[in-house]
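So the sequences go chain by chain: A and B. Anchor point for the first sequence: position 378 equals 378 in the working numbering, and the numbering is continuous, going up by one each time. Anchor point for the second sequence: position 170 equals 170 in the working numbering, and the numbering is continuous, going up by one each time.
By construction, these hints were calculated from the structure, which means they are not laboratory data. All clues stand as given, with none of them false.
Computed beta-carbon distance windows for the label pairs:
id, chain 1, residue 1, chain 2, residue 2, range
1, B, V110, A, N50, 16 to 22 Å
2, B, D142, A, L404, 40 to 46 Å
3, A, L404, B, G93, 30 to 36 Å
4, B, E74, A, S169, 53 to 59 Å
By construction, the Cβ of each residue, glycine as well, lies at the ideal position given by its N, Cα and C atoms.
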Amino acid sequence: MTTTTDPHPESFRLSMLIYDSRYRSMTIQIVALIGFLLLIGWLISNTAQNLITLGKEPSFGFMTEPAGYDINQRLLDYNSQDSHLRAALIGLLNTLLVAVMGCIAATIIGVVVGVLRLSNNWIVSRLMAVYVEGFRNVPVLLWIVFGMAILIETLPPPKAFRGENPEASMLLGDSVALTNRGFYVPEPLFSRGLGDVHLLGNSSLRFDVSLDLIAVGAVFLASILISGLIGRRANAIQNATGDRPTVWFWRLGVVVLPTVLVLWILGFYLGYPELKGFNFKGGTYMRNSLIALWAALSLYTAAFIAEIVRAGILAVSKGQTEAANALGLRPRRTMSLVILPQALRVIIPPLISNYLNLTKNSSLAIAVGYMDITGTLGGITLNQTGRELETLLMLMLVYLIISLTISGVMNWYNESVKLKER
Amino acid sequence: MKKTVFLGALTVAGLAAGASAAATLDDVKARGKLNCGVTTGLVGFAAPDANGHWDGFDVGVCRAVAAAVLGDAEAVEFVPTTGKTRFTALASGEIDVLARNTTWTLSRDVDLKFTFVGVNYYDGQGFMVPKGLGVSSAKELDGATVCIQTGTTTELNLADFFRANNMSYEPVPIETNAEAQQQYLAGACDVYTTDASGLAATRASFEAPADHILLPEIISKEPLGPLVRHGDNEWGDIVRWSLNALISAEELGVTSANIGEMAAAAGDNPEINRILGTEGNLGEMLGLDAGWAKAAIMAGGNYGELFEKNIGENTPIGLSRGLNAQWKDGGLIYSPPFR
Ligand SMILES: N[C@@H](CCC(=O)N[C@@H](CS)C(=O)NCC(=O)O)C(=O)O
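Work the whole structure out from these sequences, hints included.
So, in C-alpha cells, the structure goes:
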C-alpha cells in the first residue's frame with residue numbers, strides 16, 4: 001500500500017536548509033560563495049581606498065605617455081619616444097617569440113629523449129635518465145642564469161675578432177660569429193624586394209608587413225598543398241591497383257622549384273655579419289639573453305615532456321607491438337604507425353600544461369635581461385611610473401589570455417587526434 | 001561551516017576597520033628597529049662587511065636616523081633593494097626610509113609620491129670604459145653595447161643622450177651592480193654607465209682599477225638623497241633633520257671626537273647648544289628626546305667624517321668633496337639653521 005501512494009509533499013521549513021541532506025550541500029555552497037565574494041569585495045575596496053589615500057587613483061592614462069627607455073630586442077620598430085603601450089607590445093612579442101621557440105624545441109627534444117629512454121641500449125637509456133633527472137630537479141631559474149653565465153664567460157667578446165691576428169675567428173666560412181653578446185648568423189635579404197606595407201599609421205600598435213615574406217610563404221604553402229594532392233592521388237592508385245607509382249621526385253620538384261624561382265625573382269641573398277666598430281653589424285643577431293633563456297626553458301621543459309612521452313608509450317599495451325610485429329612491421333614503423341598515434345591520446349593533455357608552464361616560466365627572463373613583457377610592462381614601466389596595480393593587472397590579463405589561447409588550440413588538436421569511438 | 005564563514009567575514013570587517021595606518025615613528029619605536037632600504041651592495045655606499053655588518057655612506061644615514069629615534073645606531077634592519085624593487089618596498093611600508101643612491105626627480109616626488117628629505121650626495125651620470133677600448137669621449141660611443149641598471153634614471157638619461165647626439169647603442173638591462181660588473185668585466189658590454197660615484201665605487205673593487213677610465217662627460221644631474229613616503233610629514237621631518245644635524249655638525253665643527261665634551265654642558269655657540277639639546281627644545285618638537293642629534297652624530301660622525309671614512313680621498317674609492325663640500329668651502333652642502 002504505502003509503496004504505491006505518492007510521497008506526501010512535505011511543507012518546506014527553514015531548518016531543512018541545514019538538517020535536510022537534500023538542501024544542506026546547496027546551503028553550504030551558497031554561504032561559501034557569499035563569503036568568498038565578500039572577501040573579494042573587501043580586498044578590492046580596501047585596495048582602492050588605500051590607493052586613494054596614497055593619492056594614486058587607479059588610471060591607465062600613463063600607457064599613452066612616452067616610455068623614455070630603450071629596448072634592445074625589438075621585433076617591431078620602437079624608440080624611446082614611443083608610448084608605454086608600444087613598449088608593452090614589444091615585450092609581448094618577445095615573450096611570444098621565446099615561448100613559441102621554446103615549445104617547439106622542447107617538444108622535439110622531449111619526444112626524442114622520451115623514446116630513447118625506452119631504448120634497449122643500456123648506455124643510451126641511462127644517459128637520457130640522467131638528463132631528465134638533472135633538469136627536472138633543478139629550478140629553471142638556475143638553469144637560465146647558469147646558461148647565461150656560460151655564454152658570457154666562455155665565448156670571446158667581439159673585440160677578440162679584431163686585428164691582424166685575432167684571438168677568435170668566425171665559423172662556417174666567416175658567416176657565423178659566436179660572441180659573448182650573442183650569435184650573429186647570416187640573414188636573408190632581397191635585392192629586388194617588394195618592400196613593406198605599413199599598417200595602422202602612427203599608432204602604438206603599428207606594424208610593417210614584409211611583402212617578400214608573404215610572397216615566399218604563399219608560394220611555399222601552395223606547393224605543399226599541390227604536393228599533398230599528388231600524394232593523395234598516389235594513395236588512391238595504390239588502393240585501387242595495389243601498385244604505388246613513384247612520385248617522390250614530383251613532390252620534391254613541386255615543393256622546391258617554385259619557391260626557388262620566387263626567391264630568385266626577388267633577388268634572394270644572404271647578408272653576412274661583419275665586425276664594424278664596437279659590434280658586428282649585419283646578419284641576424286640572437287642575443288645571449290634570448291639564447292640562454294630559450295635553451296634553459298626548452299631543456300627544462302623537455303625533461304618533463306620526455307617523461308610524458310615515455311608514460312604515453314608505456315600506456316600502449318604490449319599486444320599492439322606484438323601484433324604489429326606479427327604483421328611484419330619493422331620496429332621504427334611500429335613506433336611511428338602504431339604506438340605513437342595511440343600514445344598521443346595520453347600525451348597531449350599533460351603536454352598542454354607543459355606548454356603553459358614554459359610560457360609562464362618565460363617571465364623569468366629579466367634574470368638575464370631579456371626584455372619580455374614582464375621586463376617592459378611589469379618591469380621598467382612599472383618602476384618608472386609607479387603604477388604597480390595597473391601594470392600587474394594588465395600583465396596578469398596578458399598571461400591569462402596567452403595561456404587560454406594555448407590551451408584552446410591544444411584542446412582542439414586533442415579533439416582531433418583523440419580515439420574516434422564508433 | 002556557516003559559523004566559520006561568518007566569523008571569517010567578521011574578522012575581515014574588523015581588519016578593514018583597523019586598516020588606517022599608525023604613524024611611522026610609533027611603528028619604529030614599537031618595533032625597536034628601523035627598516036632601512038639600501039643597495040644590494042655597492043662598496044662605500046652600502047655593503048655588508050665580512051661579518052655581515054653593513055657599512056657605507058648611505059648606511060651612515062640609516063644609522064644616524066636609528067640613533068636619533070631609538071638611541072641605538074645598531075637598531076637597523078637593512079633591506080637590500082634593487083633599482084626596481086626599491087620604490088615598491090618603500091610605498092608598501094616594508095621599509096621606513098630608503099637610502100639607496102636615489103635621484104631626486106619631479107616624477108618620483110609628485111607622481112610616485114615620495115618625499116625626498118634632502119641631498120646627501122650631488123652626483124651626475126658618467127661612463128666607464130676599459131682603457132683598451134681606445135675611447136676618450138662619450139661622443140665616440142656610437143654603436144656601443146652599454147650595461148645599465150634597470151629601473152633607474154640612468155636608463156632614461158642614456159636614451160636621451162644617445163638620441164640627442166644621434167647615436168645608436170645596444171642597452172643591456174641588468175638588475176644589480178654585481179651583475180653589471182660581471183658582464184662589463186667579461187666584455188659582454190663595452191661601457192658601464194651609472195652615477196659617477198657608483199662608477200668610482202665599482203671601479204675601486206676591480207682587481208686592476210687602473211685599466212678602466214671614466215669618460216669626461218657627465219650627462220645628467222643626480223642629486224642623491226634619502227626619501228620617505230608621502231603622507232607622514234612628522235616622520236619626514238625626523239629623517240630630514242637627522243641628515244641636517246650631520247651636515248650642521250660638520251659646519252660647526254662638532255665631530256664624533258669632541259661631541260662628548262660639547263654636549264656635557266651648554267657652550268658659547270647657541271646653535272650648537274640647540275642641536276645638542278643643551279638649550280631649547282628642538283628634540284621635543286620632533287617628538288624625540290633632547291639627545292637625538294647627539295646620538296645621530298655619534299652614530300658615525302658628522303657628514304664630513306662619514307664622507308672621508310667611506311668614500312673620501314683616502315679610501316680606495318677616492319672621491320673628492322667637489323660639489324659635496326660645505327657651502328662655506330664652495331660646495332653645495334648646506335643645512336637650514338637649527339632654530
Ligand atoms: N641614481 C639613479 C641610479 C641609482 C643606482 O641604481 N645606482 C647603482 C649604482 S650607483 C646602485 O646603487 N647599485 C647598487 C645595487 O645594484 O644594488 C637612480 O636613482 O635611479
